[in-house]
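One-letter residues, chain by chain:
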Amino acid sequence: MPNLKSIVESILFVADAPMTLDRLCTFLDEFDRGDIRDALGALQEEYGQDGRGVVLVEVASGYQFRTPVENADYLRRLTKTRPVKFSQSALETLAIIAYRQPVTRAEIEYLRGVDCGGVLKTILEKKLIKILGKKDIPGKPLIYGTTREFLELFSLKDLRSLPTLKEIRDLSETASYEQQEELPLEQPEDDRELL
Amino acid sequence: MPNLKSIVESILFVADAPMTLDRLCTFLDEFDRGDIRDALGALQEEYGQDGRGVVLVEVASGYQFRTPVENADYLRRLTKTRPVKFSQSALETLAIIAYRQPVTRAEIEYLRGVDCGGVLKTILEKKLIKILGKKDIPGKPLIYGTTREFLELFSLKDLRSLPTLKEIRDLSETASYEQQEELPLEQPEDDRELL
Amino acid sequence: MSNGGNLDLYQDEESSSYTVKLEVFEGPLDLLLHLIRKNEVDIYDIPLSIITKEYLEYIKMMKELNLEIAGEFLVMASTLIQIKSKTLLPTPADEDAAEEEEEDPRAELVRRLLEYQKYKDAALSLTGRDMLGRDTYARSFISPELAEMLPEEEPVEVELFELIEAFRKVLDRVSEESFHEVGAESITIAERINEILSLLEGKESLLFDELFPEHFNRDFLIATFLAVLELCKLKMVKVVQANRYGSIWIQPAVMEGEGSLVDAES
Numbered sequence: 001m002p003n004l005k006s007i008v009e010s011i012l013f014v015a016d017a018p019m020t021l022d023r024l025c026t027f028l029d030e031f032d033r034g035d036i037r038d039a040l041g042a043l044q045e046e047y048g049q050d051g052r053g054v055v056l057v058e059v060a061s062g063y064q065f066r067t068p069v070e071n072a073d074y075l076r077r078l079t080k081t082r083p084v085k086f087s088q089s090a091l092e093t094l095a096i097i098a099y100r101q102p103v104t105r106a107e108i109e110y111l112r113g114v115d116c117g118g119v120l121k122t123i124l125e126k127k128l129i130k131i132l133g134k135k136d137i138p139g140k141p142l143i144y145g146t147t148r149e150f151l152e153l154f155s156l157k158d159l160r161s162l163p164t165l166k167e168i169r170d171l172s173e174t175a176s177y178e179q180q181e182e183l184p185l186e187q188p189e190d191d192r193e194l195l
Numbered sequence: 001m002p003n004l005k006s007i008v009e010s011i012l013f014v015a016d017a018p019m020t021l022d023r024l025c026t027f028l029d030e031f032d033r034g035d036i037r038d039a040l041g042a043l044q045e046e047y048g049q050d051g052r053g054v055v056l057v058e059v060a061s062g063y064q065f066r067t068p069v070e071n072a073d074y075l076r077r078l079t080k081t082r083p084v085k086f087s088q089s090a091l092e093t094l095a096i097i098a099y100r101q102p103v104t105r106a107e108i109e110y111l112r113g114v115d116c117g118g119v120l121k122t123i124l125e126k127k128l129i130k131i132l133g134k135k136d137i138p139g140k141p142l143i144y145g146t147t148r149e150f151l152e153l154f155s156l157k158d159l160r161s162l163p164t165l166k167e168i169r170d171l172s173e174t175a176s177y178e179q180q181e182e183l184p185l186e187q188p189e190d191d192r193e194l195l
Numbered sequence: 001m002s003n004g005g006n007l008d009l010y011q012d013e014e015s016s017s018y019t020v021k022l023e024v025f026e027g028p029l030d031l032l033l034h035l036i037r038k039n040e041v042d043i044y045d046i047p048l049s050i051i052t053k054e055y056l057e058y059i060k061m062m063k064e065l066n067l068e069i070a071g072e073f074l075v076m077a078s079t080l081i082q083i084k085s086k087t088l089l090p091t092p093a094d095e096d097a098a099e100e101e102e103e104d105p106r107a108e109l110v111r112r113l114l115e116y117q118k119y120k121d122a123a124l125s126l127t128g129r130d131m132l133g134r135d136t137y138a139r140s141f142i143s144p145e146l147a148e149m150l151p152e153e154e155p156v157e158v159e160l161f162e163l164i165e166a167f168r169k170v171l172d173r174v175s176e177e178s179f180h181e182v183g184a185e186s187i188t189i190a191e192r193i194n195e196i197l198s199l200l201e202g203k204e205s206l207l208f209d210e211l212f213p214e215h216f217n218r219d220f221l222i223a224t225f226l227a228v229l230e231l232c233k234l235k236m237v238k239v240v241q242a243n244r245y246g247s248i249w250i251q252p253a254v255m256e257g258e259g260s261l262v263d264a265e266s
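Residue numbers (UniProt numbering), protein chains in the order written: chain H, 1 to 195; chain P, 1 to 195; chain C, 1 to 266.
FYI, nobody ran anything at the bench for these hints, they're computed from the structure.
Keep in mind that a hint or two might mislead.
One side of the interface only, derived from the structure: several residues of chain C facing chain H at Cβ under 8 Å [said to hold, decoys possible]: (1) E26; (2) T127; (3) L160.
25 Å max Cα-Cα, derived DSS-like pairs, lysine-lysine [claimed, not checked]: (4) H:K134 to P:K157; (5) P:K130 to C:K63; (6) P:K140 to P:K130; (7) C:K38 to C:K60; (8) P:K127 to C:K169.
By construction, the Cβ of each residue, glycine as well, lies at the ideal position given by its N, Cα and C atoms.
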């Protein structure tokens, strides 16, 4: 009698990317989908206990074993590659693509106010974004979107779990959370003396 | 207070080769060797319980997490669908065919500067390219082109949706602002010398 | 979500290479946001005189430090000045214009600044997340168990960008090599004649541009051009243009006489 929980644990352990429930069900087609889900739940509970050096996280629409954040300092000694670091321009560009995809380079550059060619190439090479196709407007510009690797990098379950963009009311207290009404931009009056 | 057992578990989990006690002690030099050995012992016991999908084995060269033998058949299913990465030579060859089709092997080899027989065979087998016919020149060499599967792999509607090289080059080159005319910087008053 | 403090916001190269410390901004919008915050002014009511003055002072400072000033900064400078001069214009007296109820000339800029600030915050919250390879680690290699089992079939995983990059590399290499050694004899006019003829085979016409791929080495282009001229001379093709500025088409000149044109040629 095969032990489904053990099998799922093995599969998640050897997989080199997050494993979706769908893929698990394809691999384990002699098992019931509900049973597989139960096995996942049992594993999450087991690995969710305090003091574990391995945790089971939900990321990129799948499940993946990862190390807990509190051990990061020790693991950094192990990995030869230096921890990932992103420039501010790469992060801003990624954020814009993540929230506005599919998006063209021109739109990104309008939002950031600077040229983004170099940054786009870098994050394309890192596979954090991909070319989704061409936009059906004159000039047929390329459109970009984020990848599974993007979700994995930022430990996001899916794009919907991106935090909602904060509307800004006042710069001095950056980011008030509440949604904001129409911008009161028509003000015909007396700014003139300021100039 | 760091949890040594958790740290050792994390390290063994991300290590891509068996880890000796000595190496562990080098990484964790602020910890006592005896304590590290105890942590290993505790982990072995934990992972030694029945029905685990991950076991901690001691091989000649150290400690390593492995999956139990009885789950091997299920893991084999993973390898069947494991996506393989393209080799650089396969990518180059495929790219040449995509952009230059119909194209002969001699032309591909001229562009790549190396023999391409093996690579051509591989991507033919993957059905990403096909033989379109024979070229009506002396020797009647075969000519190659891409397939419907090629378009599907790259989610392309048709061959015209392949980004042009110019679009790609533009990514690494600078800046739309260079195309811009003279700036209207003459202003009425006294800031002018600032520019 | 831990570890938000690990940021390195201004790590661009420029920031370290100058002795005088000048804050580095991502662009004109970033700089403007900084000035607005520094002066503690209302973003919906930006005092353009102050902000423009300080903006221009910053650019002047960059110039004095011999920093390369990105074009975007200058564009914004001119935009600011334009907006400023617009706000200086007297409100039109006649009713028609007043009815149009003109938008504050600053409105578009304010919208852009607020929008940009939103994504700046979003970028910040991204780095505050548990990042793979910094805060959390996964097994990023193929487990020995799997490596020992040889895959039977091999689906392929590749991104379009990789394909294009591969091609770009080929072309970069080719033009370099042909520049140094390959020389004109690598593509002969005769070869191109044959290729053009086989492209034409079974077709009524061919777009002239199709013979000149966008990126190819000079020798190829020259050989192609000479091949077309040669074919015209041999009266094997006709070069036609529908109108003065229209596309140029190449047509087989001999439609009769069955049999392959190419055979006749070779």
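Structure-based check of all given hints:
{"no.": "1", "hint": "E26", "verdict": "holds (6 Å)"}
{"no.": "2", "hint": "T127", "verdict": "holds (6 Å)"}
{"no.": "3", "hint": "L160", "verdict": "holds (5 Å)"}
{"no.": "4", "hint": "H:K134 to P:K157", "verdict": "holds (10 Å)"}
{"no.": "5", "hint": "P:K130 to C:K63", "verdict": "violated (58 Å)"}
{"no.": "6", "hint": "P:K140 to P:K130", "verdict": "holds (16 Å)"}
{"no.": "7", "hint": "C:K38 to C:K60", "verdict": "holds (18 Å)"}
{"no.": "8", "hint": "P:K127 to C:K169", "verdict": "holds (24 Å)"}
Consistency note: the structure conflicts with earlier hint 5 alone.
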